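J.: Sequence:
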Amino acid sequence: MGLRFLVVEGNTRGARQAHKDAYGLMPSESYAAVLQHIEPDAICDLAFPADEGANLPEASGLEAYDGIVLTGSHLSIYDRTPDILRQIDLMRAVYASRTPCFGSCWGIQIAAVAADGEVRPNPVGREVGFARRLTPTDSGRSHPLLEGRPAAFDAPAIHLDMVTALPGDCTVLATNAVSAVQAAEIRHEGGVFWGVQYHPEFSLGELAVILGRRTEILIREGFCRTPEDAAAYVADLAALHERPDTFDLAWRHGLDAEVLDPVRRTREIRNFVEHRVKREKSARGRA
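Residue numbering for the sequence shown follows the UniProt record's numbering, starting at 1 and increasing by one per position.
Keep in mind the hints are simulated off the structure, nothing from the lab. If you're wondering where the values come from, they're calculated on a predicted model, not measured in any experiment. Among the hints, a few may not be true.
Said to hold, decoys possible - Between beta-carbon pairs, the in silico distance windows are:
#1 Ala165 x Arg213: 27 to 33 Å
#2 Ala232 x Asp41: 27 to 33 Å
#3 Gly190 x His275: 39 to 45 Å
#4 Arg98 x Gly24: 22 to 28 Å
#5 Arg213 x Ile38: 37 to 43 Å
#6 Arg141 x Asp51: 26 to 32 Å
#7 Asp248 x Glu52: 32 to 38 Å
#8 Lys278 x Ala96: 18 to 24 Å
In this text, a Cβ means the ideal position worked out from N, Cα and C, and glycines have one as well.
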């Protein structure tokens, strides 16, 4: 029997529908597709805790999954609105269930806050397009989450908020000049979370669609000078998605195989599946 995952969507209904209208899939559906590409027999259920009245798993239901994955979100966790508080409560239940859990961007922020850490806006501003020169810490160099990553690498990213105060039992695994916490392991209430602030699940095509909907931000915050500049950047990413061997575009944007090769780009998710999900399923003797 294939692995069973719960993919927890961090977005509200309107935001995930807008993403689907532009890209063809909600973020949770896109994440599930990545998991099923890694593990073709995987079964992926979706959960929408931002929705009032959402049918969320109880503790026993969470324990029934082999792995739980948290997507990104347009929300800011410090707003503490009901759609956010439901997600924090769910993450606390995930910890208590001791089910292997991984999260990207919003995922690591939810995991940090649920374990009594803090998330605030980054004082140096937004990280957009790619997180550059991600560097494993001393702990990260030997940690299985980053197995196969080089001494410095880039990854798709888009976020303004970041973890600013670590939970009590947290090991930072990677960092860069923009965010001190780019990858981490968090232990809380018997559960273990692995997560990253960047987005290893994003293809360049999905990243292009996301940035194409945010050209106002790119211009307002100084990443691009004009709408034409922003459109050209998005077009280059879309072209690299179709033809990752387009050398001049890869050179122009400083991208290498850590981003262009889908296996290497999704390394952290693959490592989570291999080192946590499969091993823990085997240890529990589950068929």
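J.: Name the hints, by number, that the structure is in violation of.
T.: The structure conflicts with hints 2, 3, 4, 5, 6, 7, although it agrees with all the remaining ones.
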